[in-house]
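Going by this note's numbering, the letters in the sequence shown line up with residues 249 to 590, in that order.
Hints listed in this document are in silico derivations from the structure and should not be mistaken for laboratory results.
There's no promise every hint is true.
Quick list of in silico lysine-lysine cross-link-like pairs, DSS-like style, CA-CA up to 25 Å [as the list claims (entries may be wrong)]:
no., residue 1, residue 2
1, Lys491, Lys307
2, Lys543, Lys524
3, Lys491, Lys564
4, Lys325, Lys543
5, Lys543, Lys491
6, Lys582, Lys271
7, Lys543, Lys578
8, Lys531, Lys541
9, Lys564, Lys482
10, Lys491, Lys531
11, Lys582, Lys564
12, Lys325, Lys524
13, Lys531, Lys307
Label-pair restraints from in silico Cβ distances [stated by the list, open to error]:
no., residue 1, residue 2, range
14, Gly372, Leu313, 38 to 44 Å
15, Asn581, Leu313, 40 to 46 Å
16, Ser283, Phe318, 48 to 54 Å
17, Ser427, Gly555, 33 to 39 Å
18, Ser511, Ile540, 19 to 25 Å
These figures come from a predicted structure and were not determined experimentally.
Just so it is clear, CB atoms sit at the ideal spot from N, CA and C, and this is done for glycine as well.
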Amino acid sequence: MENALIKESENPMPPATQAFHAKQLSLFQDFLCNSPDERLSLSNTIELWDAVPKYYITKRAQEDLRKNGFLPTIERKFVFRKNEMVVTLRPARLTVDGKDKEFYPSAREELVEDVLRKLACGVGNGYLDGDRSGVSFTLHQLRKELSEQGHTFSYYQVVESLKILRRTSVQISSPDGNSFYETSPLTTLMAVTREDLNNNPDSRWYVDFSALVTEGIQRIKYRQYNYGLMMRLKGQLSRYLHKRLSHNFTQASLLSSYTITLSSVARDSGLLDCKKANDNKRKLEESLRELIKEKVLMRYEAEVVRGPRNAIVDAKYDLFPDHDFISETKRSNKRLSMVEEG
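Sequences are here, hints too, so could you generate the full structure?
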């Protein structure tokens, strides 16, 4: 008979009661909004952690890379606030049908992490205890939130994603490798078995977030954003761009624009992997049109850089915010000022 608790941590103790009432946590959970309904659509982006490309390898690409069940360790360069960094992903190893099989986290795991962070914004769910932060939840609660946001997954898919998030290693380093930081999307997973869950559907699960998320909460390195809108965006690239704009475009106004390039989005997101630049350009512009449809952007202006034989070398995009996004940004700025002032 299986134990009721599957422990995947060196310190798998449930958080102390007072951890659910920590002052810095209450600041993280308190949003500036106009109504209770609007509050339900808000969550937080996290400095650095959300900028690290870690969910970009599709399930199909993993099938091509996987040999005898195993995947290689992969590296990717990206730029964060003008600093070049390297992210190294070591895949999670799970037992599937009695055999070892490795996985990189992908779009499904990103959605699960986003929902877990949203659940942590609920009083009584999230906790902060020293260098540890996370969320207590039921599996039904997690699956219900995913479904309500337009992403329905089975029990087995959600549990698999939680295990992948726990067992993946994410190392962030300088290009010379002299300084690095290693963590996992979830550093602790205390899970209830299916047998115990059948006996008690309200059994609580506990996960600790990445240490970078904990640091973000403690040091107020986060920003309020429209989680509900992000979750209903169909494309993973659209969701990436929305988070990036929400976190970085802090001076959004009718007189300002935010500039991106095709090459920088490809480098920093990992989500433009077409062999032809024209196909990547088309994919990026599809995402920008989705952001226009959802009133994140009002419009964009493109300037294509071409090389020999008129081939696309790069493209620059000036993004102009919609009124709705401007209003959300102003509230986010005001909320951050209030939190920082204590």
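Each hint tested on the structure:
{"no.": "1", "hint": "Lys491 <-> Lys307", "verdict": "holds (22 Å)"}
{"no.": "2", "hint": "Lys543 <-> Lys524", "verdict": "violated (29 Å)"}
{"no.": "3", "hint": "Lys491 <-> Lys564", "verdict": "holds (19 Å)"}
{"no.": "4", "hint": "Lys325 <-> Lys543", "verdict": "violated (31 Å)"}
{"no.": "5", "hint": "Lys543 <-> Lys491", "verdict": "holds (14 Å)"}
{"no.": "6", "hint": "Lys582 <-> Lys271", "verdict": "holds (19 Å)"}
{"no.": "7", "hint": "Lys543 <-> Lys578", "verdict": "holds (15 Å)"}
{"no.": "8", "hint": "Lys531 <-> Lys541", "verdict": "holds (16 Å)"}
{"no.": "9", "hint": "Lys564 <-> Lys482", "verdict": "holds (24 Å)"}
{"no.": "10", "hint": "Lys491 <-> Lys531", "verdict": "holds (18 Å)"}
{"no.": "11", "hint": "Lys582 <-> Lys564", "verdict": "violated (31 Å)"}
{"no.": "12", "hint": "Lys325 <-> Lys524", "verdict": "holds (20 Å)"}
{"no.": "13", "hint": "Lys531 <-> Lys307", "verdict": "holds (19 Å)"}
{"no.": "14", "hint": "Gly372 <-> Leu313: 38 to 44 Å", "verdict": "holds (41 Å)"}
{"no.": "15", "hint": "Asn581 <-> Leu313: 40 to 46 Å", "verdict": "holds (42 Å)"}
{"no.": "16", "hint": "Ser283 <-> Phe318: 48 to 54 Å", "verdict": "holds (50 Å)"}
{"no.": "17", "hint": "Ser427 <-> Gly555: 33 to 39 Å", "verdict": "holds (36 Å)"}
{"no.": "18", "hint": "Ser511 <-> Ile540: 19 to 25 Å", "verdict": "holds (22 Å)"}
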